[in-house]
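Asks: Each chain is listed here by its residues.
4 protein chains.
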Amino acid sequence: MVEIKKVPVRTLASGDSLHITVYDFKGSQKNAPKVYIQSATHGSEVQGSLVIAKLFEFLKENPPLGDVRLVPNANPMGLNQKAGDYTFGRFDLTNGDNYNRRYFLPVENMNWEQLKGLTEATLYSTFKEEMMKKLLEKKNSSISFPDALALTLQTLSIDSDLCLDLHCANRSAHHIYVPEYAKEDAAYFSIPFQIIMPKDKFGGAMDEVFFRPWTMLAEQLNLSQIKTQSFTIELGNHESISSSQAESDLAGILNYLRHKKVIQGEAEKKNPVNCPINQYMTIYSAVGGLVDYVAQPGKRVKKGDLLARILRFSDEPDFFEVKSPYDGIPIVFYSSSIAHEGIELMRILSDV
Amino acid sequence: MVEIKKVPVRTLASGDSLHITVYDFKGSQKNAPKVYIQSATHGSEVQGSLVIAKLFEFLKENPPLGDVRLVPNANPMGLNQKAGDYTFGRFDLTNGDNYNRRYFLPVENMNWEQLKGLTEATLYSTFKEEMMKKLLEKKNSSISFPDALALTLQTLSIDSDLCLDLHCANRSAHHIYVPEYAKEDAAYFSIPFQIIMPKDKFGGAMDEVFFRPWTMLAEQLNLSQIKTQSFTIELGNHESISSSQAESDLAGILNYLRHKKVIQGEAEKKNPVNCPINQYMTIYSAVGGLVDYVAQPGKRVKKGDLLARILRFSDEPDFFEVKSPYDGIPIVFYSSSIAHEGIELMRILSDV
Amino acid sequence: MVEIKKVPVRTLASGDSLHITVYDFKGSQKNAPKVYIQSATHGSEVQGSLVIAKLFEFLKENPPLGDVRLVPNANPMGLNQKAGDYTFGRFDLTNGDNYNRRYFLPVENMNWEQLKGLTEATLYSTFKEEMMKKLLEKKNSSISFPDALALTLQTLSIDSDLCLDLHCANRSAHHIYVPEYAKEDAAYFSIPFQIIMPKDKFGGAMDEVFFRPWTMLAEQLNLSQIKTQSFTIELGNHESISSSQAESDLAGILNYLRHKKVIQGEAEKKNPVNCPINQYMTIYSAVGGLVDYVAQPGKRVKKGDLLARILRFSDEPDFFEVKSPYDGIPIVFYSSSIAHEGIELMRILSDV
Amino acid sequence: MVEIKKVPVRTLASGDSLHITVYDFKGSQKNAPKVYIQSATHGSEVQGSLVIAKLFEFLKENPPLGDVRLVPNANPMGLNQKAGDYTFGRFDLTNGDNYNRRYFLPVENMNWEQLKGLTEATLYSTFKEEMMKKLLEKKNSSISFPDALALTLQTLSIDSDLCLDLHCANRSAHHIYVPEYAKEDAAYFSIPFQIIMPKDKFGGAMDEVFFRPWTMLAEQLNLSQIKTQSFTIELGNHESISSSQAESDLAGILNYLRHKKVIQGEAEKKNPVNCPINQYMTIYSAVGGLVDYVAQPGKRVKKGDLLARILRFSDEPDFFEVKSPYDGIPIVFYSSSIAHEGIELMRILSDV
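Protein sequence lines correspond, in order, to chains A, B, C and D. Heads up, the first sequence is in numbering that gives the first Met the number 0, so the first residue is 0 and it goes up one at a time. Heads up, the second sequence is in numbering that gives the first Met the number 0, so the first residue is 0 and it goes up one at a time. Heads up, the third sequence is in numbering that gives the first Met the number 0, so the first residue is 0 and it goes up one at a time. Heads up, the fourth sequence is in numbering that gives the first Met the number 0, so the first residue is 0 and it goes up one at a time.
Bound-form chain A, shown alone:
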């Protein structure tokens, strides 16, 4: 019922190899949407891997209607990269490439005209095949590891209709990146905070590379509907997993999958807070020192409220006060209390 595959992704200097494990559940209904779910592409962001383990157990007991592909620990290189106790897996340590900015938009020289006459069913499958060809061509050229890993994950996901990329974010409240056209559906995830992206956004991330070709297709062919959806879901703090939290994370994902008819059952819609991505603001530390955070992830602040105090011992010990420049909701906090000037202290969903 479930097929398990090991895909090699890198041979190391020692000759040993790194792999990803792929779990494939075959759906019982031919027309149900196909789902692709991966986790931990940034190495340290592992809560999604535990959620996938629990989803695996669920699907064994409750076979899905649509095909479901699960790829936990999607970046073994990043996961294994330790510096001290912590995991330094956000970017390639040789070239600085962010592992979630190297995905390749497979529409270069796409022949849109040729797609115009096709029936809906043929259109979608043809489009997927054309993209797969471009991915494989790129994959066979001489490329860097971050690019090769991205292409491997893309070839695993390109045939799906729904794509969930499970991340975490330092110390944070749960939130989700949502293409604007999928806002209503995203509410079913039970994630309290939504960051809304325009449908033409593309910066090389998995969610974007998944939906952007389809929004381009809709533009080119004047389609009224966009059949595919993808989301980056931020499941709280990185560097840790929590079994009780994973139950609640799983419940939200199952609710969405029910809503999309990938699995059976009734879904319930929630009312998340949402905020356009251009109002999602970063506050950088203005001074170096030790940060005592006063604000809390997910708790609303008013402009001028104290967000943090930064302790310095330049002369007498003093506390530099960081005040909120906005009304809004702080979502992501720097992982540490030890901060140089110019690090990313906090991100806020602002009312600006």
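Incorrect hints may have been included.
Treat identical chains as interchangeable: a pair holds within one or across any two.
[As the list claims (entries may be wrong)] The calculated lysine to any residue pairs, modelled on SDA-like cross-linking and capped at a C-alpha distance of 25 Å, are:
hint : residue 1 : residue 2
1    : 259       : 142
2    : 138       : 125
3    : 132       : 303
4    : 33        : 18
5    : 5         : 137
6    : 137       : 123
7    : 200       : 273
8    : 59        : 314
9    : 269       : 251
10   : 298       : 241
11   : 137       : 322
12   : 298       : 129
13   : 4         : 314
14   : 29        : 285
15   : 5         : 317
16   : 182       : 123
17   : 302       : 6
18   : 137       : 351
19   : 298       : 243
20   : 260       : 313
21   : 226       : 184
22   : 132       : 114
23   : 198       : 114
Note that these hints are calculated values from the structure, not bench results.
Keeping the supplied structure of chain A fixed, place chains B, C and D upon it in accordance with the hints.
Replies: Coordinates of chains B, C and D only, in the frame set by chain A:
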């Protein structure tokens, strides 16, 4: 009333310099004990720096009876060493030297005979002077940075009678390393767990290098009393500071200082759990994977109890169970859920 | 005659500050070009700093005609960032930002129309002032350290006419990045290999951010001439300085400065090899292992020639052969013989 | 003729495993000495791995008299640990343990009395068996990865008579660590510089842990001869391999193996320089800056000679001069020109 000094500790490749800040409060009573308190020699372990900031405020309002010297952020090199969000300051990144194992025992070729005839007052001051001479001689030779930093901190502390080295320990319950002869006094810190060291222990740590010369003196001269005391105090989790926790940490330190007549007031004795250091056991991870911790720092477990599950995706997702080999109290946990085989998963005060 | 300034660029967690040192030589002729020279923005690439030290000595003895500003060790953060013996300064260790990709193009909302009526002299000074305004505005917002450092260096350089950014490149032959319109002048540097960039190239590097506004100005105003020039000069291997090599590096730079009438004397033109940047190809390692390099930086190879052997111990020891896919000249080699699959093994100026 | 084994040494967080490869050549003569050769336990020190590959080819063509076991890339964890282009494999990145200081002396509670009556042949095999028992017992306890790796390598080598541990040393001249009793034999390696260790030295390194039990045995049993030998051989610069250098390195090792009758043929004795280890002195950088090395590895200097200049830009560019405190031969140099105060600049075989 308080004197502030900047002491340079290292010039960097860029030509810029790192400093430590030293705060000196003069005591009002000549015979009251002198106290030396430092924090954050391991870089990431910063809660003690916040406690020192609060102690500074207290002492400005409440001048001490004995001299008090405060050295927050005692290792600016370790504090500034970032890898990703976190602080990689436990050891020198060029040679691997642990910053709390490089202290130098200043008794080599000590002329014990010469000390035997002295009166108590002269004995103590002469012994301190002899040690200072040896420290300065070593400090003037060609030495590595970790050794130079250790010697700088030793020359700042050698004249004191009481020495508190404020650390933190990954994710942990508060605990304190105590030389056995100072066990009764240590109870005044209100730290719930004591790890008891024999009085001849020496592995290069600050607390040991401070008390060991005095226990040697007592041995050599058959003294019935050891006048000096030193402790490593582990103030919970590293990488973070907490203002509310700092109030409680400060209260414990003030209680001890009152008991030792460094500051005025009544002290109250507590009843900590204690455990000999040779029963303080480490559990290493037997497999690599994602760790879901079940036990909690400071909460007693029985032999055979489940401590953690380690999630692996080798075939179907499975959970490797880590069970306690001891009755005891887990105190320190690995900072991350991402673990290779053979990392230090947990430390337990065992009943063995 | 020379003015020396320290500019603070970052306060660290410890409270200490990092600085850059700026040396200003005042030129004797009002209309001679102004030159800006910086080095080591990637931390490990320090040969240029030694060249600047030697240029400083030269200019003290031989006062220039035009103003010369020197900024050695332009990135103290990157310079100080050690991991083991080596210097990990190519990118920010918290966010992965490449320090030479964060420069800010100061022409957003530029009012080109307003510039059209101006005389040449006024045009140039007005354009510089407009750009400076935009830089300062950006610099006063809440920004990350890599962005702040880039803006600091831009405000120091924006008033100049010629900009030399001194880099090094792993293990490499000397080479230079040249905007196509400045090809003839660049030949005076005596750098054997030129990589030619189109005049509209912009990826956030210092040379590009310096020339691109001026090529835009020329486009907008139909100017026949582009007055400013900028170059990235790669002075061989990183992580090391060589005094004898620095003499020869200095001679080339002085030859260019004579040609541009910044200093007095006759200049001599050289005949470098040049290659368009789109023919500058990267070869990634196809396997992990230990690399025995056969090709040498700066020595021509033919398609099919053996470039390197990669030693593996998977079964019997074997040597994987890396052959050149191009006729051309290998220029930059990976710094180490220890290579994972997918690292950048070599860059070649190809004849493709 | 040659047996090849893969030995797993660590499972990673991702579930992938690291291995070492073991090559066993069976000797044709029962009484010929057994040899164990390993390389690259410090990760970056890989020249010995290439030498082992060449030795493998030699032994396939020229079967040995004694058993030969080869273990290239003996520390895959250290080899794979990259930070930027370079390899950060000298110590464990979680706890700072130096991979060549964790070997375990397997003589605790050794019953020396029991060994006294035995014949020579029985004595040696019994002693090896007793040590193997202690190693296996330790290996089966809960231990850290560096300890587990050390024990794995020890169990692979304990049955041998000769042990060669192939290292490299930053930027350096070839040199060799030699227990004093094996000085004459060591001369056959054709390594120009010998560092002589007393026979009771033990700091946890492979060579020491191999010979120390045998020198203890000789002490306990008043044996006139020590049958086993071990050496740390430093084959020049780390981070690189060179095929031509490997030929010459191999020739030296074969010459020693001929001398010891492990392989057939005549050996030729050389005349290396030797120096007691307590005269092997380290010079630490007294200031931070950019180092222009003047001395060269392996070239004699006189006391007062200029060893290096350190470039600083504190005010005007200046060069801090490092002069030799000794007559002697600089052997190992810091790998980089970028130096903080207090790094290990140079090591000198001094005439002191």
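Asks: Check residue 269 against residue 251 for me: Cα-Cα at most 25 Å, and say if that holds within a copy, between copies, both or neither.
Replies: within (10 Å within a copy, 47 Å between copies)
Asks: Given identical chains, is residue 137 near residue 123, meaning Cα to Cα at most 25 Å, within a copy, between copies, both, or neither?
Replies: within (21 Å within a copy, 45 Å between copies)
Asks: My question is about residue 137 and residue 351: at a cut-off of 25 Å on alpha-carbon distance, are they close within one copy, between copies, both, or neither?
Replies: So residue 137 and residue 351 pass the 25 Å test across copies only (19 Å; inside, 41 Å).
Asks: Between copies, within a copy, both or neither: which fits residue 298 and residue 243 at Cα up to 25 Å?
Replies: both (22 Å within a copy, 19 Å between copies)
Asks: When no copy is named, should residue 182 and residue 123 be tagged within, between, both, or neither for a Cα gap of at most 25 Å?
Replies: within (22 Å within a copy, 50 Å between copies)
Asks: Between residue 132 and residue 114, at a C-alpha cutoff of 25 Å, which is it: within one copy, between copies, both, or neither?
Replies: within (15 Å within a copy, 49 Å between copies)
Asks: At 25 Å max between alpha carbons, let me know whether residue 59 reaches residue 314 within a copy, between copies, both or neither.
Replies: between (63 Å within a copy, 14 Å between copies)
Asks: Please sort residue 137 with residue 322 into within, between, both or neither, judging by C-alpha distance up to 25 Å.
Replies: Result: close only across copies, 20 Å inter versus 47 Å intra.
Asks: If the cut is 25 Å between Cα atoms, do residue 259 and residue 142 qualify within a copy, between copies, both or neither?
Replies: neither (37 Å within a copy, 41 Å between copies)
Asks: With identical chains, the pair residue 298 and residue 129 could be close in the same copy or across copies; at 25 Å between alpha carbons, which is it: within, between, both, or neither?
Replies: Classified as neither: same-chain Cα gap 46 Å, cross-chain 41 Å, threshold 25 Å.
Asks: For residue 226 vs residue 184, is the C-alpha pair at or below 25 Å within one copy, between two copies, both, or neither?
Replies: Within one copy, since 12 Å is at most 25 Å while 56 Å is not.
Asks: One pair to classify: residue 5 and residue 317, alpha carbons no more than 25 Å apart. Within, between, both, or neither?
Replies: between (55 Å within a copy, 16 Å between copies)
This entry does not satisfy hints 1, 3, 12, 14, 17, 20, going by the numbered hints stated previously.
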